[in-house]
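K.L.:
The primary structure of each chain is shown beneath.
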Amino acid sequence: MEGISGNRGPSVRSDCFISIKLGGEDGLKIELSGKTKTLYGRQIIQLVTEILLFFDIRNAHVQIEDSGALPYVIAARTEAALMRVMNSPKQFLLPEISNARRVSSRDSLRRSRLYLPGDHAKLMINAGLYQADGIILDLEDSVAPEKKHDARFLVRNALRNNDFMGAELMVRINQIPLGLQDLEYIVNQPLNVILIPKCELASQVVAIDQKIRELRGDCTEPIWLMPIIESALGIINSYEIASASPNIVALAIGLEDYTADLGAERTNDGIESFYARGMVVNSARAAGIQPIDSVFSDFENTEALRSVAMRSKSMGFAGMGCIHPAQIEVINECYQPSPNEIEKAKRIVIAFDEAQRRGTSVISLGSKMIDAPIVKRALNTMEIAVKCQLIKPNWKEDAAR
Amino acid sequence: MLHDKLVVNAAGKLVPEEINGEKVIPYKGVGKYKPMGCKHAPPIPSCADYPANGDKRCPSLRDALIRSGLRDGMTISTHHHLRDGDFVANAVFDIAQELGIKGLRWFPSASFPCNAHLIPYLEDGTIDWIEGSMNGPLGEFTSKGKMKKTAILRSHGGRVQAIQDGEVKIDIAVMAAPSSDVFGNANGLTGPSATGVLGYAEMDVQYAEKVILVTDNLVPFPCLPMQIAGNFVDFVVVTEKLGEADRIISGTTQITRSPDRLIIAELAARFCEVTGIIYDGCVIQAGAGGISLAIAEYIKTILQRNQWRIRVGFGGSTQYMTQMLETGLMEYILDGQVFDTEAVRSLNENRKHQSFSVFNAYNYHSKGNLTSMIDVVTLGATEIDVNFNGNVVTHSDGVILHGIGGWQNCLFAKNTIVALPLFRNRIPVIVDEVTTLCGPGELIDVIVTERGIAINPLRSDLIEKAKDSGLPLKTIRELKEEAEAICGKPDKPKFTDRVVAAVKWVDGTVLDVIRQVAD
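So the sequences go chain by chain: W and S.
The first sequence stops at residue 401 when you use the working numbering, and every number in between is there.
The second sequence stops at residue 519 when you use the working numbering, and every number in between is there.
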């Protein structure tokens with residue numbers, strides 16, 4: 001029996017291909033080829049040997065074609081290949097890097113979140129450099145069915161050992177039931193948010209929440225949930241979904257599947273999904289969570305992206321997905337308050353404070369009456385501006401001076 | 001060749017004092033060795049020996065080589081304007097081998113993967129060694145110790161000097177000419193194999209004993225402009241095809257789309273702006289590598305925002321530079337080589353786009369050279385070490401990858417920026433010590449990677465100007481440690497004692513050697 005994992009070929013970078021045949025009586029026979037052999041060959045063979053012994057394998061024939069895989073990638077590929085030909089309750093984990101874990105809150109900034117295919121090692125290495133608010137390691141649609149097994153190990157190891165430089169760490173699991181198995185690999189690793197795709201019923205969220213609790217035991221640090229609605233039925237049930245668990249922090253919409261479900265063509269204009277997006281914003285806000293918009297698939301057209309994102313923000317969305325690093329800067333800019341908005345909000349908040357000090361209930365700014373909802377919006381704008389580091393947290397002191 | 005007499009040079013490297021039977025001088029330090037002496041003087045023939053009607057055509061290259069007196073042990077030079085599409089250099093040695101000639105020295109201005117064709121001739125003794133660059137398969141061949149004699153790697157400027165000083169005496173120069181008349185007046189501007197310029201042929205035609213010009217585009221006299229004057233030419237050979245056109249010049253050069261490389265480019269451009277390296281009227285060298293092109297695009301937006309203009313852009317030029325020329329963001333282009341069809345067109349049409357020679361730009365043994373007038377040059381490298389020393393010729397596993405090109409010569413710009421990824425395919429680029437020393441760290445000012453910028457401590461002026469810029473400034477050691485934390489510390493390659501190639505510094509001294517890689 002031969003277990004294989006990974007990728008090879010002239011265009012493959014930062015990955016490796018491993019095949020393992022168990023058995024024989026010759027001990028561990030490990031053959032290595034590839035361009036890194038001179039510089040890292042000794043270390044690669046040492047790591048693979050360590051993994052085999054960890055799983056009590058004493059006799060095996062292993063072939064490795066290395067194309068510059070980092071140690072956590074080699075470990076993931078070795079374990080994935082091995083778990084195709086054996087079963088073990090154990091997991092081989094390299095020591096977690098010191099800055100792997102970040103704390104996120106319910107209302108963390110979620111303007112942009114970059115999708116990374118869960119079986120594509122190269123794209124993970126520098127993903128933290130692009131400064132998306134969140135990074136999604138995807139186990140679902142961007143991973144081919146025959147690679148789902150490999151991707152679980154790679155995503156698990158990447159969560160522990162790849163430096164994503166402070167981005168909120170997210171994993172999009174597969175649909176239930178496959179998605180419930182995915183949880184076993186990830187929920188005890190550094191992870192902030194689980195995205196639940198093609199969500200149609202509140203009970204699906206509850207099942208996931210339940211399974212996470214079982215797997216995590218005593219750990220109380222929350223793992224947040226972000227259901228993605230991608231069907232007509234999901235839209236109808238959106239409020240129930242949004243309020244199905246206290247761990248839900250955002251509700252997202254996936255428009256490719258949704259428009260397909262409707263039998264409509266997806267346009268940049270978005271008229272076909274106007275109702276659905278309105279529903280998602282409404283349900284999310286009603287449940288006190290963030291509404292998140294769908295990805296924009298033409299990544300070279302940043303101008304069209306900008307107009308789509310501006311419209312999305314004006315509908316009330318708090319952020320959207322990114323399929324390419326080039327989209328992040330535009331999206332971050334669009335979903336944060338503009339200098340004009342900040343200036344206006346600043347004046348409103350100051351006028352409000354001033355009125356409170358004087359004990360008057362009527363506030364006006366120029367010729368305009370300022371009432372409670374306007375103040376609330378202004379406070380909200382200033383809070384987001386602080387989170388985006390556009391103004392300092394103590395901006396009022398600066399303004400007073 | 002086993003060298004038993006080795007000395008330590010000023011860079012601390014063990015180098016031989018004799019290579020291929022010729023005495024060589026160990027590196028003394030930047031600016032410490034001044035080459036002296038006179039120009040080499042090849043014999044001057046007389047008009048009486050050439051046809052009065054000016055028709056120097058010869059029926060075949062074979063015929064021209066025989067009439068040039070091709071024999072064992074000669075030095076044959078070629079230029080590299082045909083790049084990876086070159087048929088001519090390979091054809092010369094096909095003929096030499098057919099004629100049973102042995103022990104030749106090939107002296108190209110650069111080699112390309114297409115020249116792997118010559119490996120059988122290095123094996124059968126037709127060619128004994130190469131002084132030039134060894135790319136791809138030739139590099140591997142050399143590193144495995146299979147070349148009979150010791151290869152010598154020189155910069156473009158160093159090659160010019162070696163010819164001028166008579167350190168390398170060229171017996172026969174075989175020069176591909178995209179357009180020529182029967183007298184040998186020639187240029188690279190037109191024809192099916194147009195290369196734009198022919199700057200790398202300039203020294204060879206003046207100093208070689210015999211000059212054979214090979215063209216696939218014979219034009220009626222006069223061939224204008226005369227980038228090569230026919231008075232230097234012995235024979236003109238008309239052939240079907242000089243090379244594979246799409247490998248000579250690319251249809252279009254493309255800026256990198258790699259998001260990591262775009263980060264590097266943006267950081268480099270921002271660094272140039274905040275430190276005042278870019279200003280109205282500055283002189284820059286823009287390369288044609290993916291990162292260099294992207295840096296130029298970011299610099300373009302800086303120029304537009306400030307309403308500045310570049311006074312001179314040094315090529316190799318591309319469509320991106322010609323656009324800047326045509327939109328007024330750049331006043332002049334001076335070109336050593338041309339990389340795409342748009343740039344060839346511009347060179348043909350625009351008087352503010354001119355070719356310059358390697359002699360102008362790079363020759364250390366001359367009355368100054370243009371590179372020291374450049375404000376900023378951005379370069380690549382295979383490795384940079386914690387002392388800012390650079391390597392461009394070997395991979396970290398010790399195998400020869402490419403030649404030096406103009407890299408060493410460009411280090412003399414006022415500001416030298418090396419822009420590169422922190423690691424490539426797990427291999428760290430910032431290392432403790434470069435595998436082969438090609439450029440002394442004192443001449444390398446700034447390293448820009450996607451994970452941070454390191455400024456050479458010698459450039460306290462730049463450190464001061466950049467300190468409050470918000471740019472990710474790190475020390476070179478911090479960058480090295482970051483690379484090793486991600487990739488793991490690599491093992492060292494193993495070498496035998498045998499020296500397979502020597503790396504010369506711009507002044508002709510021996511800076512470092514490359515040894516045979518152990519099996």
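Honestly, the hints are just simulated from the structure, not real lab data.
Any given hint could turn out to be false.
30 Å max Cα-Cα, derived DSSO-like pairs, lysine-lysine [to be verified]:
no.: 1; chain 1: S; residue 1: Lys492; chain 2: W; residue 2: Lys122
no.: 2; chain 1: W; residue 1: Lys37; chain 2: S; residue 2: Lys467
no.: 3; chain 1: S; residue 1: Lys23; chain 2: S; residue 2: Lys13
no.: 4; chain 1: W; residue 1: Lys396; chain 2: S; residue 2: Lys102
no.: 5; chain 1: S; residue 1: Lys148; chain 2: W; residue 2: Lys35
no.: 6; chain 1: S; residue 1: Lys467; chain 2: S; residue 2: Lys34
no.: 7; chain 1: S; residue 1: Lys144; chain 2: W; residue 2: Lys29
no.: 8; chain 1: S; residue 1: Lys492; chain 2: W; residue 2: Lys35
no.: 9; chain 1: S; residue 1: Lys102; chain 2: S; residue 2: Lys5
no.: 10; chain 1: W; residue 1: Lys35; chain 2: S; residue 2: Lys34
A quick note: this is a predicted structure, and the numbers were derived from the prediction, not measured.
K.L.:
If a hint holds in the structure, say so; if it does not, say that too.
P.N.:
Hint by hint, here is what the structure shows:
| no. | hint | result |
| --- | --- | --- |
| 1 | S:Lys492 to W:Lys122 | 25 Å, holds |
| 2 | W:Lys37 to S:Lys467 | 40 Å, violated |
| 3 | S:Lys23 to S:Lys13 | 17 Å, holds |
| 4 | W:Lys396 to S:Lys102 | 85 Å, violated |
| 5 | S:Lys148 to W:Lys35 | 26 Å, holds |
| 6 | S:Lys467 to S:Lys34 | 38 Å, violated |
| 7 | S:Lys144 to W:Lys29 | 28 Å, holds |
| 8 | S:Lys492 to W:Lys35 | 14 Å, holds |
| 9 | S:Lys102 to S:Lys5 | 28 Å, holds |
| 10 | W:Lys35 to S:Lys34 | 41 Å, violated |
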